[in-house]
Amino acid sequence: GAVVSQHPSRVICKSGTSVKIECRSLDFQATTMFWYRQFPKQSLMLMATSNEGSKATYEQGVEKDKFLINHASLTLSTLTVTSAHPEDSSFYICSARFNSYEQYFGPGTRLTVT
Amino acid sequence: GIQVEQSPPDLILQEGANSTLRCNFSDSVNNLQWFHQNPWGQLINLFYIPSGTKQNGRLSATTVATERYSLLYISSSQTTDSGVYFCAVVRGNTGKLIFGQGTTLQVKP
Chain D
289 GAVVSQHPSR
299 VICKSGTSVK
309 IECRSLDFQA
319 TTMFWYRQFP
329 KQSLMLMATS
339 NEGSKATYEQ
349 GVEKDKFLIN
359 HASLTLSTLT
369 VTSAHPEDSS
379 FYICSARFNS
389 YEQYFGPGTR
399 LTVT
Chain F
747 GIQVEQSPPD
757 LILQEGANST
767 LRCNFSDSVN
777 NLQWFHQNPW
787 GQLINLFYIP
797 SGTKQNGRLS
807 ATTVATERYS
817 LLYISSSQTT
827 DSGVYFCAVV
837 RGNTGKLIFG
847 QGTTLQVKP
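Going line by line, the protein sequences match chains D and F. In this text, residue positions in the first sequence follow our numbering: the first is 289, and each later residue adds one. In this text, residue positions in the second sequence follow our numbering: the first is 747, and each later residue adds one.
For the record, the hints were derived by calculation from the structure and aren't laboratory data. There may be inaccurate statements among the hints.
[To be verified] In silico lysine-lysine, PhoX-like type, Cα no more than 25 Å apart, as pairs:
1. F:Lys842 to D:Lys352
2. D:Lys354 to F:Lys842
3. D:Lys343 to F:Lys842
4. D:Lys308 to D:Lys352
5. D:Lys308 to F:Lys842
6. D:Lys343 to D:Lys302
7. D:Lys302 to D:Lys354
8. D:Lys329 to F:Lys854
9. D:Lys343 to D:Lys308
10. F:Lys842 to D:Lys329
11. D:Lys343 to D:Lys329
12. F:Lys800 to F:Lys842
13. D:Lys302 to D:Lys352
[Unchecked claim] Quick look at which bits of chain D chain F covers, simulated, 3 or more residues with Cβ under 8 Å:
14. 335-343
15. 354-363
Glycine residues also receive a C-beta, built at the ideal position from the N, C-alpha and C atoms.
This is chain D alone, in the form it adopts within the complex (with noise of 0.2 Å):
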């Protein structure tokens, strides 16, 4: 139980373009969503809280309009990294909160932008 999955795995885009991520709780509703992106060799850090049904909470220095975020259903969430520009290339990774506290991590999604 508990699995999370992320679409896609590995994306390449042009600076400029636009990037879906996807973000699914496989076997159990989660109503609250993270988001993380890791750079090499470090540790992870929080983007954004994503509440079904409400606004994204995003954390200080994150831009919300460069990172949309969607969470329209309790098993789906979504990151869109608009105008995407080489130094938005990482690993972004989200998670589901599994009961109060608890969090499952999808597999991440490495972004290269060229």
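Assemble chain F onto chain D, guided by the hints.
For chain F alone, coordinates are given in the frame of chain D:
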């Protein structure tokens, strides 16, 4: 905000050896989880352990909440144990996980 510190930052073991990883946190927490990030980037849940002791096979964890630390024990290490081990905590009711910097473990055959 709360600080989470892990030690050691790097650890190299021979297969079969035992190890202890430590996580210190600067304030009281509602949740503490240990994760293993494999070479492909997937975070695997090891323990949900805000307090007490748990065991799962060769791994066990202990959290002493009153003293604000947690320990992860790996016994009879295998090469597949290699990767980065993260400790993460939740303070308050936000559900937000705050990660430590991780311990990178390399197990040599």
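Quick rundown of the hints versus the structure:
| no. | hint | result |
| --- | --- | --- |
| 1 | F:Lys842 to D:Lys352 | 18 Å, holds |
| 2 | D:Lys354 to F:Lys842 | 21 Å, holds |
| 3 | D:Lys343 to F:Lys842 | 16 Å, holds |
| 4 | D:Lys308 to D:Lys352 | 14 Å, holds |
| 5 | D:Lys308 to F:Lys842 | 23 Å, holds |
| 6 | D:Lys343 to D:Lys302 | 28 Å, violated |
| 7 | D:Lys302 to D:Lys354 | 16 Å, holds |
| 8 | D:Lys329 to F:Lys854 | 20 Å, holds |
| 9 | D:Lys343 to D:Lys308 | 17 Å, holds |
| 10 | F:Lys842 to D:Lys329 | 21 Å, holds |
| 11 | D:Lys343 to D:Lys329 | 31 Å, violated |
| 12 | F:Lys800 to F:Lys842 | 23 Å, holds |
| 13 | D:Lys302 to D:Lys352 | 21 Å, holds |
| 14 | 335-343 | violated (count 1) |
| 15 | 354-363 | violated (count 0) |
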